[in-house]
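Once you have looked at the hints, place chain X on chain L.
Chain order of the listed sequences is L and X.
Residue numbering for the first sequence is 77 to 177, as defined by the working numbering.
Residue numbering for the second sequence is 38 to 528, as defined by the working numbering.
Be aware that one or more of the hints could be misleading.
If you only want the chain L side, here are some residues facing chain X, beta carbon under 10 angstroms, derived [claimed, not checked]:
| hint | residue |
| --- | --- |
| 1 | Val81 |
| 2 | Leu96 |
| 3 | Ser127 |
| 4 | Phe130 |
| 5 | Gly135 |
| 6 | Val152 |
Cross-link-like lysine-lysine pairs, in silico, BS3-like; alpha carbons within 30 angstroms at most [to be verified]:
| hint | chain 1 | residue 1 | chain 2 | residue 2 |
| --- | --- | --- | --- | --- |
| 7 | X | Lys72 | X | Lys185 |
| 8 | X | Lys190 | X | Lys73 |
| 9 | L | Lys103 | X | Lys185 |
| 10 | X | Lys190 | L | Lys103 |
| 11 | X | Lys135 | X | Lys185 |
| 12 | X | Lys135 | X | Lys411 |
Hints listed in this document are in silico derivations from the structure and should not be mistaken for laboratory results.
A quick note: this is a predicted structure, and the numbers were derived from the prediction, not measured.
Yeah, the Cβ is synthetic: ideal placement off N, Cα and C, and Gly gets one too.
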Amino acid sequence: MSVPVEFYMVLSGLVFIIGLVGVLVRKNLIIILLSIELMLNATNINFVAFSSHFGNLSGQVFVFFALTVAAAEVAVGLAIIIALYRHHASINVDDFRLLKW
Amino acid sequence: MMIPLADLVTILPELIVVSAACLLLVLDPITPSNKKDLLAWMSVATLGVCFVVTAGSMGDRVFAFSDLVVVDGYASFWKLLLYVVSAMTILLSIGYLKEERIDLAEFYGFVLLSLTGMMIMVSGADLLVIYLGIELMSISLYIMAGFKRFEAKSIESSAKYFILGAFSSGLLLYGISLIFGATGSTRLVEIAAAVDARGLDDSMILIALMLVIVGFGFKVAAVPFHMWTPDVYQGAPTSVTAFMAVASKAASFGAFLRVMLEGFGGMKPNWSGLILGVCILTLILGNLVAIVQTNVKRMLAYSSIAHAGYALIGLVVAGWVGTEAGVSAKGVSSMMLYLAVYSFMTLGAFSIVAILRRGGEEGEDLDDFTGLAKRHKGAAFLMLLFMVSLAGIPPTAGFIGKFYLFMAAVNAGLTWLAVVGLIFAAVSAFYYLRVVMVMYMREPSPDQEGETRLALSPTAFVVLALAAAGVILFGLYPWPLVSLTATAALP
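Bound-form chain L, shown alone (with noise of 0.2 angstroms):
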């Protein structure tokens, strides 16, 4: 007997509402980058969950995708991130003032 597909929606429903709260509440860039991530990998779930459930491969071929998009999406935030550190020898998104938010 399988797991019911709503396991996993409030399971990806979890993930998703940590790294959203995450990114809203947090101040180090890194954590608010890995929380960005859990919010992808939330999708993912949902993805891999509803396309098994369907009997659906394009699912999991999404989740190819967002995959790769994330691994991209990090690399550049990594580089800014770097840059950014050079300036204020900082990663905490208090320390950035010359722009009023």
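Only chain X this time, still in chain L's reference frame:
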């Protein structure tokens, strides 16, 4: 597996642009530094070729790659606009990047890569393809925003753009996954069929719809998802700001409209009210906060938020329940017209900011414009033209754009919305004309004399001339653009 040749021909413009972008990135290190301009001209030539290809195939509606991609009049219209805007950005950048000492030819490669993303967005018929297009556009833009990497402001704007951009695509992607769960597909047509079959009150589709609207709201910079816009626009190099304000906004609106009308067209009662709220909030906040800005780039950022609000009127009309098909198509076409006109005037205004310099810096403060008319008559006159057009005063193109939008709203029975739009157009005249007032009515203070100068390269001159010609021509003789948008609009 063989890819059918017909499918490849359908996406020929995208293939040309992406190959040119890769070629540029390869050619950059092996080109001697005094010949780098050739690479910029190569990218402009690429855009010219694509313009011809897209204009030649305009009109027919072709699906490719088993309905993942659609090329129709609507997609072609946005692509033509994006080619023009990108070419103008590149031409503006040739002189500007030298002035800022960041003249690396890979910049043009990123412009083309970002353009590829935008082209994929506007002709995606599947949420996966649209998502990939959005990401290709955004990732290239994150890099371009931080192109002045030795300047803290630029990197900071890039970081803010990255965090909020990645956050918003996370929300959008989660929405897409819920749509997949609710409908079993990510194709827009199949989503529309499933929505029709399952009715309007499916809570999963409703949550997904909200997340998609929020995701696109970030990309088009609508209130309350606009917080990144002023910071990013102010910190990024000006030619990048112009590109973001114009091209990425136009492409995001193009994809947003297609998703809402072709995918969620059956759920208009659910989303039209929400979009109406966002539209009014955007009009209020964008216009009111722009009044207190003293930095022209930041003021233009708030103005671009406000203009997103005007453009949303078109989407509200298209989604308003009870309007006939003809009126709703008018909403779409007037929005396309508005964004086309907006592109010319905003690019023009940012070009003036880019070429006006004080010392080694850009003259982006309102003070730098003080008494500009005394020293640089031409630049001051062009800025006057763009400001008048942004405020929507006849006989400029800005008036035509607003006129058609408000007419569409009146036709849909939303006269009060047109009145709200008019009131805020009047409010916006205050901060646009303040720039004009500062340029024409104030004497340049003596200690500033000779400090501001114009870094007018021949290519920047061409950009200014094109933008001014667009603003005047579409203001006096808008019929070609009106009929083009009318035929290209989504039904």
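Do the hints match the structure? See the list:
1. Val81: holds (8 angstroms)
2. Leu96: holds (8 angstroms)
3. Ser127: The hint holds - Ser127 of chain L has a Cβ within 10 angstroms of chain X, the shortest such distance being about 8 angstroms.
4. Phe130: Holds: closest Cβ of chain X sits about 5 angstroms from Phe130 of chain L, inside 10 angstroms.
5. Gly135: Interface hint status for Gly135 of chain L: holds (6 angstroms vs cutoff 10 angstroms).
6. Val152: holds (5 angstroms)
7. X:Lys72 x X:Lys185: Since the Cα atoms of Lys72 of chain X and Lys185 of chain X sit roughly 21 angstroms apart, the hinted pair holds (cutoff 30 angstroms).
8. X:Lys190 x X:Lys73: holds (26 angstroms)
9. L:Lys103 x X:Lys185: holds (25 angstroms)
10. X:Lys190 x L:Lys103: Distance of about 19 angstroms is within 30 angstroms: holds.
11. X:Lys135 x X:Lys185: holds (12 angstroms)
12. X:Lys135 x X:Lys411: Holds, at roughly 27 angstroms.
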